Amino acid sequence: MNTFTDVEIESITLRIDDKDVSCRKGETVLQVARENGIDIPTLCYMEGLTVWGGCRLCMVEIAGFPKLQAACATVCTEGMNISTNSPRLENYRRIIVELLLAERNHVCSVCVSNGHCELQAMAIKLGIDHVRFAYRFPHLDVDNSHDRMRMDHNRCILCSRCVRVCAEIEGAHTKDIKGRGVLAAIIHDLDQNWGESETCTSCGKCVNICPTGALTHRGTAVGEMTKKTMFLPYLTLMREAQP
Amino acid sequence: MKPEELTAMAEKARNQDAHFSHHIHVCTESGCVSSQSDVLLKNITDEVQRRGLKSTVCVKGVGCMGLCCNGPLLKADDTMYQSVKPEHAGTVVESLAGQPVAELVCDTKQPFFTRQKLIVRENAGRIDPENLADCVAHGAYRALLKVLTGMTPQQVIAEISESGLRGRGGAGFPTGLKWATVSKAGGKTKYVICNGDEGDPGAFMDRSVMEGDPHRVLEGMAIAAYAVGARQGILYVRAEYPLAVKRLTRAINQARREGLLGHGLFGSNFDFNVEIRLGAGAFVCGEETALIASVEGKRGMPRPRPPYPANSGLHGCPTLINNVETFANIPAIIERGGKWFATIGTEKSKGTKIFALTGKIKNTGLIEVPMGMPLREIIYDIAGGIPDGKAFKAVQTGGPSGGCIPAEHLDITVDYESLTKLGSIMGSGGMIVMDETSNMVDVARFFMEFCMSESCGKCIPCRVGTYEMHELLDRICKRQATMADLSLLKDLCDMVKQTSLCGLGQSAPNPVLSTLRYFESEYLKLIQSSPTGLAEDGAKHVALEVLS
Amino acid sequence: MTTSTPKPTVATVWLDGCSGCHMSLMDLDERLITLAGLVEVLHSPVVDQKQFPQQVDVTLVEGAVSSEEDLHKALIIRARSKLVVALGDCAVTGNVPAMRNYFDRSDLFARAYVENAQEPPTPAERQVALPVVGVPPLRPHATALHEVIKVDMFLPGCPPPADAIWYVLTEILAGRTPATTTVSGFGR
Ligand SMILES: Cc1cc2nc3c(=O)[nH]c(=O)nc-3n(C[C@H](O)[C@H](O)[C@H](O)COP(=O)(O)O)c2cc1C
Ligand code: SF4
Ligand code: SF4
Ligand code: SF4
Ligand code: SF4
Ligand code: FES
Ligand code: FES
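Note that the protein sequences, when read in sequence, are chains A, B and C. For the first sequence, position 37 (counting from the first letter as 1) is numbered 37 according to the working numbering, and the numbering increases by one without interruption. For the second sequence, position 474 (counting from the first letter as 1) is numbered 474 according to the working numbering, and the numbering increases by one without interruption. For the third sequence, position 100 (counting from the first letter as 1) is numbered 100 according to the working numbering, and the numbering increases by one without interruption.
The shape of chain A in the complex, shown without the other chains (with noise of 0.2 angstroms):
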């Protein structure tokens, strides 16, 4: 007999770029579209972190939706049919990056990341090739307080990955955000440096799922840093599979 239908799974059909595709209740258009091999922009979004949409880069149209709809954040519903690459969106992604490259200071040649950061990557697959708005030229510091790692402000996108990261996975909570507006930083604790920390295990999670040259190894040379991300999706399933 069958024993194992008790537990229904509701599922549901919608379309995504003119492809029908189906999912089960619960998971959101960013999930199903890579499940289904369509590719949406993102750099805030993290599998196994909590949801924070705050790039904006995976906003889709959605029909009857009178707004667009960030992916990240949108759960999908029966019969939704959506567009995830029209020339509008395109537009709307590249302007976003462009404003990023030109918020901070991202010298790309000299940037121990340069090669393997997912900023840069973004800028090219978009097909960025200048940045037309007033670059801000900030003064930022590097915090090269901590034996093992760095943070350079000059490269933070404000993603919140780290901070994520090291509150739900790590459970130390150590980073956080100071500031509103264009002045807003990753701190650590109640804003000291990072090698003053009380909470900060140097378990360098943030380091590996951050997504540029923000948070890097010390001794690492212009284009040597790279990241280890595949702990994260690892631990995800180890907690899942917990009762």
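Please keep in mind that the hints were generated in silico from the structure rather than gathered at the bench. Since the structure is predicted, the reported quantities are computational estimates derived from the model, not experimental observations. Watch out, some of these pointers could steer you wrong.
Claimed, not checked - In silico DSBU-like cross-links for lysine-lysine, where the CA-CA straight-line distance does not exceed 35 angstroms:
no., chain 1, residue 1, chain 2, residue 2
1, A, K25, B, K298
2, B, K490, A, K67
3, B, K478, C, K82
4, A, K67, B, K184
5, C, K150, A, K125
6, A, K178, B, K298
7, B, K42, B, K60
8, B, K246, A, K67
9, B, K421, B, K478
10, B, K478, A, K178
11, B, K490, C, K50
12, B, K490, A, K178
13, C, K150, B, K525
14, B, K497, C, K150
15, B, K362, B, K390
16, A, K125, C, K82
17, B, K390, B, K525
18, A, K67, B, K421
19, B, K497, A, K178
20, A, K25, B, K188
21, A, K228, B, K298
22, A, K67, B, K298
23, B, K146, B, K246
24, B, K348, B, K117
25, A, K67, B, K497
26, B, K117, A, K25
27, A, K178, B, K390
Using the hints, position chains B and C with the ligands against chain A.
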């Protein structure tokens, strides 16, 4: 408190009042206190004492009487006085027995007073907000009594829905519908939050309601809690409103002491408590999800919706969040009925709205008018028109999220739909009037600067977009911009509006879009008169003369 | 007056850059010969002609706009070129030269000519140590080329690889608009 005790309290206070042959009401709200009305009140009290008139003259501090620009305002029996200084105390007390003090008289027959319709502010200027008995004598908590002794939660919601009341916090969401959603949401614990963050520059409607009639707000919250099934209320007030906080704290303590808050109100099994939470003055904390994060002790940043607070709000529980003025409308609707309320206003915008009038007009202050009043009537009759013989240019409504309405649209009626159609919004009720001398690009830059420094920084379009829009506006104002900059500005406005996470970013471009809509020529004039101007070869930010 | 030539004319200019982009251009190696057959190079750090020609079809510009002299050159280039190509990250974004923008100019001078001098000048010598004669004044910021003139095409990269330069040039000569980010990108 038992039902009869409320009636007794009101009766007693009215009887005491009847002993007085004269009444002096001094405005003790922030506006007038800033010009020493607190000293005036004390001087008058002393004067009455000194003359041995304590038993015949009732002196009390009351809420705002509206014409704040002429404050301190004072009412001695039926005569209103304006610009009363502390040293006038003697003269005023003296006049009670004889002729009014001619040089201080404020004409209450002027349209500023006669064209208003008071519902929310009906008791402002009449009651002492710090005296519960006085408030009860003027009807406070009668609606709550009615609800708890004779209405089911469904009936309350039906009444509010029938009234057509829409949220006064900005978006104009139908209040009855919101209450019904929270009421239907599952879960044992629910919350009611009153949004008293009021961060728009130039707005002080909510402050006035909280300072002038705090019990009305508490009563509205209690009725809402009963209707949606909540037992805990939170009043979120910005810390920059110390007087409002003081009056609300006092009101909560009084209500608790008298059993108007707490367990088993009016003998029912309905419990309700309210606590105050102070906001640290971030504009974005007025946004409901950021406000909730702030109450939870987190950084005040919005999160994507859905889920809406009605389903998952404070601590993940269903949460009703309404604006101060929205709650303050509730007691009147319950007492007089949703049908009555729906007779006021327009088809889709019911009731009255409080506006804070500021800028280039004769009468600045607070007014409450029926929805649907022509803009012209507000500006020329109530506000008294533009001073110094200058011409009207535009009125900015809705604060930093709103837009400018030019002279050609002066004849529109003020309601949610008409304002939206013109590219502005009702917002929370700020109205800033500008005359012919105003530079509209500069106005847009001013609001953009506000949004730029108030952006929480969470999402990129708003965080960096507001910075770059401000930069472009600044270049235009400084005559350093090209036509390419203008089209870049338009593109950026569109992107920020469409992709920002919360209302702050989504509406930050509005002041630019609306000034572009009606005053694009001012942008063009600045660009064309800049040395880099329309330089065909595109030299951007440097003067072409360098070449020669 | 320049005599009109049947071949398209090209100029290359080196503003505030490290010469790396020109090195990359040299890396075209034997293709340089092919190029010489296709175009006439009127002006370049690697040819003798010192004055910028009156009229050029395509000008490749390396380097950021750092000094008043760079600005002056940029304006002349724009006025006399049909097509201006920003060549490499310094011209496209400001790149390394723009790293001075986070500091005040006076601090930079003090650092370069006083603190870091092999024999630190005495306080009395300080004024003399700071160069004021014979060098073009620095602008407050080193900026990308398109901040001061209209740029028609951008080839990012530090430096853009020779193949990318070849692709861009041949596409232009063929009358097509090159998709520059398919062959190079910031930093790469
Ligand atoms: C940036 C921003 C600021 C806001 N500030 C306030 C405010 O100060 N007071 C307020 O009542 N609503 C404010 N709101 C609207 C609230 O999010 C919410 O819609 C409102 O409190 C709901 O109450 P209502 O239905 O009674 O209008 C703000 C919204 C945004 C996006
Ligand atoms: S962080 Fe990425 S985009 Fe920024 S400089 Fe480094 S490589 Fe370039
Ligand atoms: S190293 Fe680990 S504990 Fe320390 S800040 Fe990073 S994530 Fe948090
Ligand atoms: S340090 Fe890295 S992970 Fe953290 S917010 Fe900045 S860019 Fe994101
Ligand atoms: S729109 Fe602005 S205020 Fe709202 S979440 Fe984004 S950055 Fe924060
Ligand atoms: S991935 Fe959805 S907003 Fe960043
Ligand atoms: S504050 Fe006193 S009249 Fe408004």
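Within a Cα-Cα threshold of 35 angstroms, do K67 (chain A) and K184 (chain B) meet the stated pairing?
-> holds, 26 angstroms
Quickly compare the C-alpha distance for K178 (chain A) and K390 (chain B) to 35 angstroms and report which way the hint goes.
-> violated, 46 angstroms
Are the Cα atoms of K497 (chain B) and K178 (chain A) separated by 35 angstroms or less?
-> holds, 25 angstroms
Regarding the pair K246 (chain B) and K67 (chain A), is the alpha-carbon distance no greater than 35 angstroms?
-> With a Cα-Cα distance of about 41 angstroms, the restraint between K246 (chain B) and K67 (chain A) is violated, given a limit of 35 angstroms.
Mind checking the alpha carbons of K228 (chain A) and K298 (chain B) for me, to see if they're no more than 35 angstroms apart?
-> Roughly 30 angstroms separates the two Cα atoms, so the pair holds.
Distance restraint between K490 (chain B) and K50 (chain C), which requires alpha-carbon spacing of 35 angstroms or less = Not OK: K490 (chain B) and K50 (chain C) at ~43 angstroms, beyond 35 angstroms, violated.
K42 (chain B) and K60 (chain B): Cα distance at most 35 angstroms?
-> With Cα atoms ~10 angstroms apart, K42 (chain B) and K60 (chain B) stay inside 35 angstroms; holds.
Proposed proximity, K390 (chain B) with K362 (chain B) (alpha carbon, max 35 angstroms) | holds, 11 angstroms
Pair hint outcome, K150 (chain C) versus K525 (chain B) [Cα-Cα no greater than 35 angstroms] | holds, 22 angstroms
Under the criterion that the straight-line Cα-Cα distance not exceed 35 angstroms, is the pair K25 (chain A), K298 (chain B) satisfied?
-> Holds: K25 (chain A) and K298 (chain B) sit about 30 angstroms apart, inside 35 angstroms.
Given the hint that K67 (chain A) pairs with K421 (chain B), test it: the Cα-Cα distance must not exceed 35 angstroms.
-> Status holds; Cα separation ~18 angstroms.
Holds or violated: K117 (chain B) with K25 (chain A), Cα cutoff 35 angstroms?
-> Not satisfied, since the Cα-Cα distance of roughly 51 angstroms exceeds 35 angstroms.
Of the numbered hints listed earlier, those contradicted by the structure are 8, 11, 26, 27.
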